[in-house]
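If you're matching them up, the sequences are chains R and W in order.
Okay, so the first sequence: first residue is 7 according to the numbering used here, each after it adds one.
Okay, so the second sequence: first residue is 108 according to the numbering used here, each after it adds one.
Careful: at least some of the hints might be erroneous.
Here are some of the chain W residues that sit facing chain R, going by a computed Cβ distance under 8 Å [stated by the list, open to error]:
| no. | residue |
| --- | --- |
| 1 | 108 |
| 2 | 109 |
| 3 | 119 |
| 4 | 122 |
| 5 | 124 |
| 6 | 139 |
| 7 | 142 |
| 8 | 146 |
These are calculated hints, taken from the structure and not from any lab test.
Cβ atoms here follow ideal geometry from the backbone N, Cα and C, with glycine treated the same way.
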Amino acid sequence: MTAPATGGNRGISADDLLLASRAVGNGLRHNDISVPGVMCGGCIRKIEGAVGGLPGVVHARVNLSTKRVAVDWQEEAGPPPLGVTLSRLGYDAFLQEADDGRDPELGRLIRALAVAGFAMMNIMAFSISVWAGAGGEIRDIFHWISAAIALPTLLYSGRVFFLSAFRALRHGETNMDVPISLGVLLAFGMSLYDTIGHQTHTYFDASVSLLFFLLIGRTLDHVMREKARTAVKGLGKLAARGATVVDEDGAQRYLPMEEITPGMKVRVLPGGRIPVDAVVLEGRSDIDVSLATGESAPEAVLPGSRLRAGTLNLTGSLLVAATATARNSFLSEMLRLMEAAEGGRSHYRRLSDKAAALYVPVVHGAALLAFLGWFVASGDWHQALTIAVAVLIITCPCALGLAVPMVQVVAAKVLFERGIMVKDGSALERLADVDTVLFDKTGTLTLGQAELLPGVAPANLAIAARLAAHSRHPYAEAIARAGEDLAGPAFEDVAEHAGLGLEGVLDGVHWRLGRSSWALQKAVDNAPGGTVLTRDGALVETFLFRDSLRSGAEGAITALQQEGLPVRILSGDTPAMVAGVADALSLPHSAVMAGLLPAEKTARIQMLVKAGHRPLMVGDGLNDAPALAAAHVSMAPGSAADIGRQAADLIFLHPDLSAVPAALKVAGQAARLIRQNFAFAILYNMVALPLAIAGFVTPLIAALAMSSSSIFVVSNALRLNLGRKDGAGVHDKDGVTDAAIRRSALPLLEEHGA
Amino acid sequence: MKALIYLIPISLFLGGLALGAFFWSLKSGQYEDLAGDAERVLLGDEEDRPL
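Start from the sequences, fold in the hints, and give me the full structure.
Below, the structure written as structure tokens:
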């Protein structure tokens, strides 16, 4: 697992855990933690063993399918150190919101499906006897039994469609469910009439099969939406759920966010996020503002500096005075900008809605025409009605109802196994028609983690690394990482001066690592800015940093360009920094727009959309959440800010950027299969409709036609899965296969004794 | 043909049992975590009981 980027999760605090938990009786509280790195049985045992063994924890269970850990702990023992335990095992952990978990709608759909399936199979068994030639009394008995099975099934399983159709009709509109309900009810009614009249053919099996196949499509559609939504929702919060408020008498209490009012004094420790817009009262520190502005260099703050909600406090403890409520803070501003942007996007009509709008009037029209035509031609209302019902049933919305959700569910599963989560089917559809790609820089193209540029003398690096190990400043961490293998002297004691640097004494020599203005005692003519190492005030070494590129960034950009998609960078960081990244990725400077504020980024995207383009925006955080909402479709990395994750349509959990071209590829394949499925459904209807109108359709033919068209559509959809197994489909040279991911995780597993 | 009088209800009843069993399995949460349950079979933490 990679270390969480500075822009992402910094650990789950006990207070957050408590606020997100819910009581489950017996003095126990329950929490759900999302652990996307869980992959196999070994992980289950490790996590359950470690978490289950924590004091106060009564029960811990890993769900490998949803990649979550459910923990029950005793209220009086206090919240257990879950975040730390999971980190130590090597897993990124994200706190989930307290939700009731159960999905009643899914349960209802599956039960309706089961009943319809049972009824369909039993009725078909009786139909076989009738088709085989059972006659007279026996045939009537079988028909009555079929009716007896079909009636409760219609009432129970057909409710979904009938209610939906009724609701639409009440508003004076029609939807897909109207012809379906009409077909099913008429078929049943007529069959009942025919049973009483001792007729040969009845349509009980056709009407129940119709319900069965359509319920499959409904359930799949629902599953797809819910799975993605619960996986994405609550992956961790950017804004803390609460903050430590210091009263007049110095007592500290932890209050939830909504209760913080302007003027309250809040203490923010290093590593914590600024809860609300505030001004510094006491203390000095460095703040990571990348989430707000995209700037990768931390900002030093002093008493009197203004702070934005959501930014990360790095080095020193601060006492701040709130200047706004949580609702009016910078975070909420972003939320409002986002909602405004999102409003523009809801005009997208899903493929299935477009198809339904066409399908419904055609089917109704055809059935009505058939009825009128035959009635006029033969004067026999019964025969006319039979043929009209046959028309309604055979045009089978089955293929249509399954065509799209089946492909989308398979596509979502293929993406999920690659660590990419899709929020809903329309995201896949939109992804397939992307014509330009825009990337945010900090946290997206780069990890948001500073990296030390090479060229530093090893001896100096060793000393600097020993000093830097004592600080959480990103530059210090970068130096410590670069020098960790070097043997260095041990300092007697190291003091960190927040906002300035680190200082240590070794054999009577005063070493300082930090801002040049503070570290250098003897003024040098052309004093370098930035971070320096000084010995008794004299310059020894200068350190330069760059933002490390995300793995796979170059490969991803090349893959996108090969597909003919123009790539651009939108960033809030300074032009110099962004130009450096563009050079590393071999992108021309013309493809770069730097120094943009969040509102400006959004404006650029809206301009593109208005010009008729369909942009894909890949971004991570606060400074582009509204842009993510305004784009035609958007993706965010798993390390993104909570708001970024909520605004984006797709989230990729593995740090490699190859997820972007991979997702585009799968979306393209899915769109192709959907088109094939639609083409087939239309072709099928063009053949079946004339047959039905001409009166050639008996229940046997109707049942056969429905089943085979549904099976064809489903098998076609499953081809998306096959491509992956061959290895020639989704994963190509640019992609990262599951095997490669496991291989890269091996050293970590071995380290932890798995 | 007389046999049908009791054979048909029996078959419907057995089918109904199967349906009921499916509903029970849904309620008892057997489908909550298919991937996890598959792995748990291989974990084998419990002591082997003598036959």
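Legend entry - Restraint outcome when residue 139 of chain W is required to lie within 8 Å of chain R by C-beta distance: holds, 7 Å
Legend entry - Hint status (Cβ of residue 124 of chain W to nearest Cβ of chain R, threshold 8 Å): violated, 11 Å
Legend entry - Restraint outcome when residue 146 of chain W is required to lie within 8 Å of chain R by C-beta distance: At 3 Å from the nearest chain R Cβ, residue 146 of chain W passes the 8 Å test, so the hint holds.
Legend entry - residue 108 of chain W as chain R interface residue, shortest Cβ-Cβ below 8 Å: holds, 7 Å
Legend entry - Hint validity - residue 109 of chain W Cβ closer than 8 Å to any chain R Cβ: violated, 12 Å
Inset, instruction - Report holds or violated for the interface hint on residue 119 of chain W, using the least CB-CB distance to chain R and a cut-off of 8 Å. - result: holds, 7 Å
Inset, instruction - Classify the hint on residue 142 of chain W as holds or violated, based on whether any CB of chain R lies nearer than 8 Å to its CB. - result: holds, 4 Å
Inset, instruction - Answer holds if the nearest beta-carbon of chain R is closer than 8 Å to that of residue 122 of chain W; otherwise answer violated. - result: holds, 6 Å
The structure shown violates the earlier hints numbered 2, 5.
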